[in-house]
Each structure stands twice: as C-alpha cells, then as structure tokens.
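Participant: Sequence:
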Amino acid sequence: MTNPAKIALDAIDLKILAELQADARIPNIVLAEKVGLSPSPCSRRVKLLEQAGVLASYRALVDRAAVGLAVTAFAFIRVERHSRDNAESFIAAVQTMPEVIACHLVSGDSDFLLEVVVPDIASYEATVLRGLLALPTVRDIRTSFAMRSYKLSGPLPLPAV
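Everything in the sequence shown is counted per this note's numbering, starting at 173 for the first residue and increasing by one.
Hints are computed from structural coordinates only; laboratory data are not their basis. Owing to the predicted nature of the structure, the values given are computational and were not obtained by experimental measurement. Just so you know, not all the hints are guaranteed correct.
[Claimed, not checked] Label pairs and their calculated CB-CB ranges: (1) Gly208 with Asp257: 48 to 56 Å; (2) Ile184 with His276: 29 to 37 Å; (3) Ser325 with Asp257: 30 to 38 Å; (4) Gln267 with Glu222: 21 to 29 Å; (5) Lys219 with Ala259: 44 to 52 Å; (6) Ala306 with Glu222: 34 to 42 Å; (7) Arg302 with Ile179: 40 to 48 Å; (8) Leu328 with Pro270: 21 to 29 Å; (9) Glu252 with Arg197: 26 to 34 Å; (10) Glu297 with His276: 20 to 28 Å.
For glycine and all other residues, C-beta sits at the position ideal for the given N, C-alpha and C.
Model the full structure from these sequences, guided by the hints.
Facilitator: The following block contains the structure:
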C-alpha cells in the first residue's frame with residue numbers, strides 16, 4: 173500500500189473521489205460536469221490525486237462466484253515471538269500468495285487477519301497446509317468462513333461535501 177502525500181483535499185476533490193469510487197470508468201467530460209468543473213481542470217485534478225497517491229489504483233470488481241471462487245475465508249493468524257523481523261517475513265510471504273486478497277495487522281487475540289478467496293474448501297486446506305503453516309513464524313490459525321456476502325469492496329465513507 174502506498175503512503176499518499178499529505179495534500180489538502182477540498183470539496184471538489186472529495187466529489188471527484190466519490191464519483192470515481194462509484195464509476196472509475198466515467199468519462200472525464202461527464203465527471204467534470206458532475207463536480208462542477210470544465211474538463212481540463214478536472215483532468216488536472218484527477219492527475220494530481222493520482223500523483224499524490226490519493227487515487228491509488230483503478231480496478232474492475234469481478235464477481236467471485238462467476239469465476240469459480242466460491243469460498244471466502246477469514247484467517248486469524250497468531251505469530252511466534254513478536255518481532256519486527258517475524259512480522260516483515262510473514263507480510264512478505266502472504267503478499268506472494270494470490271489467494272490472499274487482504275492482510276491486516278489487527279489488535280486483540282490475533283496478530284493478522286487475512287481474507288482468502290479460493291474455489292473450494294480443499295483449496296483452502298492446501299493454502300493453509302502448504303502456504304500458511306509452512307511459514308516458520310505462524311503459531312496459530314483460526315478460520316471463519318463467509319456463508320454469504322452482502323457488501324464487498326464498498327466505497328470509502330468520504331466526508332460529506
């Protein structure tokens with residue numbers, strides 16, 4: 173994840189961000205109209221938001237089930253001895269695992285929370301046995317499975333403008 177430059181966001185920037193969260197493929201001319209700018213200044217603002225790291229990337233939201241990824245698991249990971257090296261080693265390893273789509277350092281009984289997306293339970297078992305438990309820093313894994321998802325990758329709750 174990038175570390176966006178600290179820039180002051182005004183009401184127009186927040187409107188641009190809200191519109192792009194709703195539809196990242198919106199044509200600049202339509203975006204400009206929606207936020208009350210002419211196309212040229214709107215395009216410049218979007219470029220500045222990209223350069224500052226506020227707009228981190230653009231992606232398509234793919235239906236998981238439609239591409240055969242029917243199982244979403246949340247793995248609560250505890251690591252051995254808390255140390256910076258152990259944490260960095262664990263983070264580097266999970267970043268290479270394509271089935272791990274999110275990794276969070278968390279408070280509480282666990283150290284990390286992973287969101288893992290796989291075709292089936294057998295695939296999750298393989299991810300645990302061949303991937304996660306093979307890491308020397310992993311002490312414990314507790315898993316919860318999503319039975320149904322009602323909201324995925326929602327837009328950020330930006331300040332009201």
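Participant: Each hint needs a verdict: does it hold in this structure or not?
Facilitator: Structure-based check of each hint:
no., hint, result
1, Gly208 with Asp257: 48 to 56 Å, "holds (51 Å)"
2, Ile184 with His276: 29 to 37 Å, "holds (31 Å)"
3, Ser325 with Asp257: 30 to 38 Å, "holds (32 Å)"
4, Gln267 with Glu222: 21 to 29 Å, "holds (23 Å)"
5, Lys219 with Ala259: 44 to 52 Å, "violated (35 Å)"
6, Ala306 with Glu222: 34 to 42 Å, "holds (38 Å)"
7, Arg302 with Ile179: 40 to 48 Å, "holds (43 Å)"
8, Leu328 with Pro270: 21 to 29 Å, "holds (24 Å)"
9, Glu252 with Arg197: 26 to 34 Å, "violated (45 Å)"
10, Glu297 with His276: 20 to 28 Å, "holds (22 Å)"
In summary, the numbered hints that this structure violates are 5, 9.
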